[in-house]
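S.K.: My request is simple: use the sequences and hints to build the entire structure.
As they're listed, the protein sequences go chains A and B. Here this note's numbering is used: the first residue of the first sequence is 3, the next is one more, and so on. Here this note's numbering is used: the first residue of the second sequence is 3, the next is one more, and so on.
Treat the hints as calculated values from the structure; they're not laboratory data. All C-beta atoms in this analysis are idealised placements derived from N, C-alpha and C, irrespective of residue type, glycine included. Misleading hints may appear alongside valid ones.
Ranges between beta-carbon positions, derived for each pair [as the list claims (entries may be wrong)]:
hint	chain 1	residue 1	chain 2	residue 2	range
1	B	D328	A	L87	42 to 50 Å
2	A	S19	B	D70	25 to 33 Å
3	B	D70	A	E6	16 to 24 Å
4	B	E327	A	A251	39 to 47 Å
5	B	D256	A	D310	48 to 56 Å
Taking lysine-lysine and the PhoX-like style, the derived pairs with C-alpha atoms no more than 25 Å apart in a straight line are [claimed, not checked]:
hint	chain 1	residue 1	chain 2	residue 2
6	B	K85	A	K109
7	A	K205	A	K231
8	B	K85	B	K38
9	B	K114	A	K24
10	B	K88	B	K66
11	B	K88	B	K138
12	A	K285	B	K109
13	B	K114	A	K285
14	B	K203	A	K285
15	B	K167	A	K358
16	A	K24	B	K138
17	B	K109	A	K387
18	A	K387	B	K88
19	B	K109	A	K358
20	B	K109	A	K24
21	A	K203	A	K220
22	B	K24	A	K85
23	A	K109	B	K387
24	A	K285	B	K205
25	B	K358	B	K24
26	A	K285	B	K167
27	B	K44	B	K247
28	A	K109	B	K205
There are 2 protein chains.
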Amino acid sequence: MILEEYIDKAVWERIESFSQEKETPFLVIDLDTIRKNYVELKQGFSNADIYYAVKANPNEEVLKLLNDLGSSFDAASIYEIDKLLKIGVSPDRISFGNTIKKISSIKYAYEKGIRLFTTDSRSDLINISRYAPNSKVFIRLIVEGALTADWPLARKFGCSIEEVKNIIDLSETLDVEVYGLSFHVGSQQRNVFMWDYALLKVKDIFEWAFNEKGITIKSINMGGGLPSKYLNKADELDIYSEKIKESIANHFKDNEPRIILEPGRSLVGNSGVIVSEVVLVSKKSELEHYRWVYVDVGKFNGLIETMDECIKYPIYCSSTGSHEEDTEEVILAGPTCDSVDIMYEKYMYSLPLSLKEGDRIYWLSTGAYTSSYCSVEFNGFPPMKAYCI
Amino acid sequence: MILEEYIDKAVWERIESFSQEKETPFLVIDLDTIRKNYVELKQGFSNADIYYAVKANPNEEVLKLLNDLGSSFDAASIYEIDKLLKIGVSPDRISFGNTIKKISSIKYAYEKGIRLFTTDSRSDLINISRYAPNSKVFIRLIVEGALTADWPLARKFGCSIEEVKNIIDLSETLDVEVYGLSFHVGSQQRNVFMWDYALLKVKDIFEWAFNEKGITIKSINMGGGLPSKYLNKADELDIYSEKIKESIANHFKDNEPRIILEPGRSLVGNSGVIVSEVVLVSKKSELEHYRWVYVDVGKFNGLIETMDECIKYPIYCSSTGSHEEDTEEVILAGPTCDSVDIMYEKYMYSLPLSLKEGDRIYWLSTGAYTSSYCSVEFNGFPPMKAYCI
Chain A
3 MILEEYIDKA
13 VWERIESFSQ
23 EKETPFLVID
33 LDTIRKNYVE
43 LKQGFSNADI
53 YYAVKANPNE
63 EVLKLLNDLG
73 SSFDAASIYE
83 IDKLLKIGVS
93 PDRISFGNTI
103 KKISSIKYAY
113 EKGIRLFTTD
123 SRSDLINISR
133 YAPNSKVFIR
143 LIVEGALTAD
153 WPLARKFGCS
163 IEEVKNIIDL
173 SETLDVEVYG
183 LSFHVGSQQR
193 NVFMWDYALL
203 KVKDIFEWAF
213 NEKGITIKSI
223 NMGGGLPSKY
233 LNKADELDIY
243 SEKIKESIAN
253 HFKDNEPRII
263 LEPGRSLVGN
273 SGVIVSEVVL
283 VSKKSELEHY
293 RWVYVDVGKF
303 NGLIETMDEC
313 IKYPIYCSST
323 GSHEEDTEEV
333 ILAGPTCDSV
343 DIMYEKYMYS
353 LPLSLKEGDR
363 IYWLSTGAYT
373 SSYCSVEFNG
383 FPPMKAYCI
Chain B
3 MILEEYIDKA
13 VWERIESFSQ
23 EKETPFLVID
33 LDTIRKNYVE
43 LKQGFSNADI
53 YYAVKANPNE
63 EVLKLLNDLG
73 SSFDAASIYE
83 IDKLLKIGVS
93 PDRISFGNTI
103 KKISSIKYAY
113 EKGIRLFTTD
123 SRSDLINISR
133 YAPNSKVFIR
143 LIVEGALTAD
153 WPLARKFGCS
163 IEEVKNIIDL
173 SETLDVEVYG
183 LSFHVGSQQR
193 NVFMWDYALL
203 KVKDIFEWAF
213 NEKGITIKSI
223 NMGGGLPSKY
233 LNKADELDIY
243 SEKIKESIAN
253 HFKDNEPRII
263 LEPGRSLVGN
273 SGVIVSEVVL
283 VSKKSELEHY
293 RWVYVDVGKF
303 NGLIETMDEC
313 IKYPIYCSST
323 GSHEEDTEEV
333 ILAGPTCDSV
343 DIMYEKYMYS
353 LPLSLKEGDR
363 IYWLSTGAYT
373 SSYCSVEFNG
383 FPPMKAYCI
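M.R.: Structural data, given as structure tokens:
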């Protein structure tokens, strides 16, 4: 692996130097990388409002940085809302984006001043109208991004065009404002055309609402989905921003709606490196073709997105420091007594033949969806530590 | 679902009554059920030593109960060892059963008095010999249980017969005692013949060791695997104990080895009930055949073993209290903004048509491998609470 393809040299040196002498496993988050990503995203989508998807990395220092940079926030639960309020985010910069919420959560959010919600069902809309009256609501449309996203989101959230229309119909009898439509093309969506397809559907509903109902819908929440840097190739951010802006211009001409983005992975993904240690290298039999490399991080303490090998992280070994060395394909597994705790056995990583216990393995682009997924104590292992630098 | 097929009526009433008025989601563990399971297991395998697999449920009250009942313990990490020592378990009743361990962990365990280890590789054996000299070692054989177990364990742990022999060879030059062979037929193994196949292999190695090396191996660690009560049918414990004892007698005749069992699921599985609440019932489209039922427990706060729908928990709804009511197949999903957080969409549970938000759904047989797997804060949700009664 060529390190420089995945991480800026200065960032790498900062992280590696910070990591010396610390007991593995742990996650290092480089805040400057997040700052840089935020600025780039703002430049790419200058007219869009950015609502950072807290779930991607709820580390308090990350939230504070993004708050200082002027970001708004997308919260998945009342617990995330509390966390945001605690660090001083004002409620008008928080969206309650989870379409699945208890009445008690809607009430709680409303009491705390939240007035922006997302829904994909009539029963949830009724609850919002009743317990968060006069709020703005995004209606989430189901789109077909699941077909090409590395971590698909399509099946569980959103509803059909027909059901979006039913919800708009219903909204007219309720105390809510249909503020916009939302969609999510799937997390780590590498195919830029998926946004175009989704925008076409949105436009269709906008026209229907205006022509049939006299309702002007003001905004589009395009969710997240912009890719981070993993092994599967994705384009640079500017390709996505150019193409998506082109789609918006094509579909909406002079009536460009307000755009909201909810980036998670694309803002924090490449800011993180998990530092792990090789616990054991072994073969099950002399005749077996592959060595097993067990490390002290696994599916249940940070690498859950290796489930079905969806996300393929760039991996860097420090065993020799040389890139020239002989390598061999290995099976990579975690430290627990659970055989589901295997990260990669279909996709084979080539690691140095000289790899041995105690060597460090660095998991690049692990700033998103790692530490918050850690199990509380599976096999007794404590959740992975995280450091911001 | 007929409740009484999965849970004793008195236990159910105890749990249901305790659960009233408590905020969901939470796990209730009935300690009497664990006591009963332990006594039954001791009766079924009167000559065996029981090492409870702490990872199945590391709740301190559960560990204390089993300690009081005389159980020994199988620990997967130094953290579990610490937890056991803290409640007063003496180190000679603890086995360090994880074949994947750091040198620092071996040292730590040895310092704490642990003298029983499991290994499946030569490099780990060398580490044990060096950092835990004079300890007893189980060598773990790979067996084919993965083919039929609901939560397979075969691929990641254990080694081939040939490699077991290599490890025995190597042990002669080291400061360790090959105390026994171990195997694990896979967790929630419902096919009793898998134990027979494994025992045949063990016998073969015992004979080789005696005839070729003059080594008498004294014991067999049969790991866990005995099933708990889920939807997929399994036999009662006495069928397994009878058949397994028959296999041992057949293979070993008058030279019956010492038997160790490491039950986890079979001891605590049916002691637990997760109490959850319906958050939302919706359809993505009027034309869709299935309703989605979202509850406040999911893959990342307790139900990770629904991954690939491996474990099918018995589910009981309180919506009407009547079993006669009309039901309909639904998709069952968790509360997070992650579409991987769907419990069942291939296997369809039939739940009452009248099911609505706020109704309780009880997940039976959730005493094992639930609370310890909870994520620390995915989507901000706190880990599920657990109560012992």
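S.K.: A separate judgement is required for each hint: does it hold in the structure or not?
M.R.: For each hint, the structure was consulted:
One distance hint, 42 to 50 Å for the beta-carbon pair B:D328 and A:L87, holds here, with the actual separation near 44 Å. At about 51 Å, the CB distance of A:S19 to B:D70 disagrees with the hint of 25 to 33 Å. Between B:D70 and A:E6 the C-beta distance comes to about 59 Å, which lies outside the given range of 16 to 24 Å. Taking 39 to 47 Å as the suggested C-beta distance range, the pair B:E327 and A:A251 does not conform, at roughly 54 Å.
For the pair B:D256 and A:D310, the supplied restraint of 48 to 56 Å holds, since their beta-carbon distance comes to about 50 Å. Between B:K85 and A:K109 the CA atoms are separated by roughly 40 Å; this puts the pair beyond 25 Å, and the hint is violated. Taking the CA atoms of A:K205 and A:K231, the gap is near 31 Å; set against the 25 Å cutoff, the hint is violated. A threshold of 25 Å between alpha carbons decides the hint, and for B:K85 with B:K38 the separation of about 24 Å falls inside it, so the pair holds.
Between B:K114 and A:K24 the CA atoms are separated by roughly 24 Å; this keeps the pair inside 25 Å, and the hint holds. Simply put, B:K88 and B:K66 have alpha-carbon atoms about 10 Å apart, close enough for the 25 Å limit, and the pair holds. Simply put, B:K88 and B:K138 have alpha-carbon atoms about 23 Å apart, close enough for the 25 Å limit, and the pair holds. At roughly 23 Å between alpha-carbon atoms, A:K285 and B:K109 fall within 25 Å of each other, so this suggested pair holds.
For the given pair, B:K114 sits about 30 Å from A:K285 by alpha-carbon distance, which is inconsistent with the 25 Å threshold. Restraint check for B:K203 and A:K285: the C-alpha separation of about 19 Å stays at or below 25 Å, so the hint holds. With a C-alpha separation of about 23 Å, the suggested pairing of B:K167 with A:K358 holds against the 25 Å cut-off. At roughly 32 Å between alpha-carbon atoms, A:K24 and B:K138 are farther apart than 25 Å, so this suggested pair is violated.
Proposed proximity of B:K109 and A:K387 is supported: the alpha carbons are some 23 Å apart, at most 25 Å. The hinted pair formed by A:K387 and B:K88 meets the criterion: a straight-line CA distance of about 24 Å does not exceed 25 Å. Restraint check for B:K109 and A:K358: the C-alpha separation of about 18 Å stays at or below 25 Å, so the hint holds. With a C-alpha separation of about 19 Å, the suggested pairing of B:K109 with A:K24 holds against the 25 Å cut-off.
For the suggested pair A:K203 and A:K220, the alpha carbons sit about 15 Å apart, so the restraint of at most 25 Å is met. As the CA atoms of B:K24 and A:K85 are separated by approximately 24 Å, the hinted pair is consistent with the 25 Å bound. Using a Cα cut-off of 25 Å, the hinted pair A:K109 and B:K387 holds, with the two alpha carbons roughly 23 Å apart. Annotation: proposed proximity of A:K285 to B:K205 holds, straight-line Cα distance about 23 Å (limit 25 Å).
About 19 Å separates the Cα atoms of B:K358 and B:K24, which keeps this hinted pair within 25 Å; it holds. Restraint check for A:K285 and B:K167: the C-alpha separation of about 14 Å stays at or below 25 Å, so the hint holds. At roughly 13 Å between alpha-carbon atoms, B:K44 and B:K247 fall within 25 Å of each other, so this suggested pair holds. For the proposed pair A:K109 and B:K205, the alpha carbon gap of about 65 Å is over 25 Å, so the pair is violated.
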